[in-house]
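Asker: Sequence:
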Amino acid sequence: MSAVMYNDQDRAFHYALLLSIALHGALLFGFNAFHEPAGQPAAPGPIVARLAQPAAPAAPAPAPQPELTAPRRPEPETHEKRQARETPAAAVKPSPAAKPRPLAKPATKAPATVPQPSAALPEAEAQTSPSGAATGTAPAAAPSGPAVARVEPSPGPASPSAETFDAGSLAQYRLQLISAARKYKRYPRVAMDNNWEGDVVVRMAIGANGMISALSVKSSSGYDVLDQQALEMFKRAKPLVQIPPALRGRQFSIELRAIYSLKDQDSS
Numbered sequence: 001m002s003a004v005m006y007n008d009q010d011r012a013f014h015y016a017l018l019l020s021i022a023l024h025g026a027l028l029f030g031f032n033a034f035h036e037p038a039g040q041p042a043a044p045g046p047i048v049a050r051l052a053q054p055a056a057p058a059a060p061a062p063a064p065q066p067e068l069t070a071p072r073r074p075e076p077e078t079h080e081k082r083q084a085r086e087t088p089a090a091a092v093k094p095s096p097a098a099k100p101r102p103l104a105k106p107a108t109k110a111p112a113t114v115p116q117p118s119a120a121l122p123e124a125e126a127q128t129s130p131s132g133a134a135t136g137t138a139p140a141a142a143p144s145g146p147a148v149a150r151v152e153p154s155p156g157p158a159s160p161s162a163e164t165f166d167a168g169s170l171a172q173y174r175l176q177l178i179s180a181a182r183k184y185k186r187y188p189r190v191a192m193d194n195n196w197e198g199d200v201v202v203r204m205a206i207g208a209n210g211m212i213s214a215l216s217v218k219s220s221s222g223y224d225v226l227d228q229q230a231l232e233m234f235k236r237a238k239p240l241v242q243i244p245p246a247l248r249g250r251q252f253s254i255e256l257r258a259i260y261s262l263k264d265q266d267s268s
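Numbering (this note's numbering), first residue to last: 1 to 268.
Here are the simulated DSSO-like pairs of lysine-lysine, each with C-alpha atoms no more than 30 Å apart in a straight line:
hint	residue 1	residue 2
1	183	238
2	263	185
3	218	183
4	263	183
5	235	263
6	235	183
7	185	235
8	185	238
9	218	238
10	218	263
11	218	235
12	185	218
13	263	238
It is worth saying that the hints were derived from the structure and are not from the lab. Since this is a predicted model, take the numbers as computed values, not measurements.
Could you build all of it, start to finish, from the sequences and the hints given here?
Answerer: Below, the structure is given as structure tokens:
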């Protein structure tokens with residue numbers, strides 16, 4: 001019985017020893033695995049650099065060659081074509097030109113009768129003023145002279161040479177009026193103080209009775225004081241000059257010019 005117990009104890013000891021060895025082996029293996037250092041990273045491989053040659057530029061594409069075509073062989077000339085080529089075209093006959101139609105002869109016109117100028121002067125239309133004196137229309141100023149006068153004949157026939165005589169008498173009468181008006185010429189003080197200058201053209205109409213029928217300013221100097229002085233000057237000079245015999249009993253008008261200049265005033 002003791003031998004049997006010994007065997008059982010011996011077997012249990014062996015089992016315990018094997019189990020202890022197995023446990024210690026497992027512990028050692030786990031300990032080594034836990035404390036083993038992590039593997040070192042692999043060393044990087046060497047970097048290799050290589051120089052690549054630049055790519056050569058692409059060669060231009062060759063221009064397309066024109067497609068060569070074989071010349072066409074002329075077609076054989078047929079009999080009809082040869083006959084048409086050899087036969088000349090028929091000449092077109094020109095149509096006869098149309099004969100010109102005779103023109104009708106123009107009717108002869110009778111020569112126009114030219115009216116002969118009348119020797120008598122035309123009668124002027126007289127305008128009756130409220131006082132009974134007839135007044136004429138003022139003539140336009142001519143560019144050739146400072147004053148222009150025109151005879152306005154009264155109603156009634158006149159001789160052919162009366163107009164020439166009246167024109168000469170009228171020019172003489174106008175010059176006499178201008179000469180007589182110089183003694184009444186005054187340069188207004190207000191015009192001198194303000195350096196006012198200008199030319200005044202006065203129209204004087206004479207009735208058939210020899211008196212002044214109208215006196216007005218035809219061209220102003222731009223200053224009323226100079227215009228009024230010119231009117232007064234010629235009005236006062238009128239009684240001093242007699243009307244020429246060729247102008248008596250006629251209505252006419254004359255234009256008289258007065259020049260106001262400070263330079264002339266200083267020299268006088």
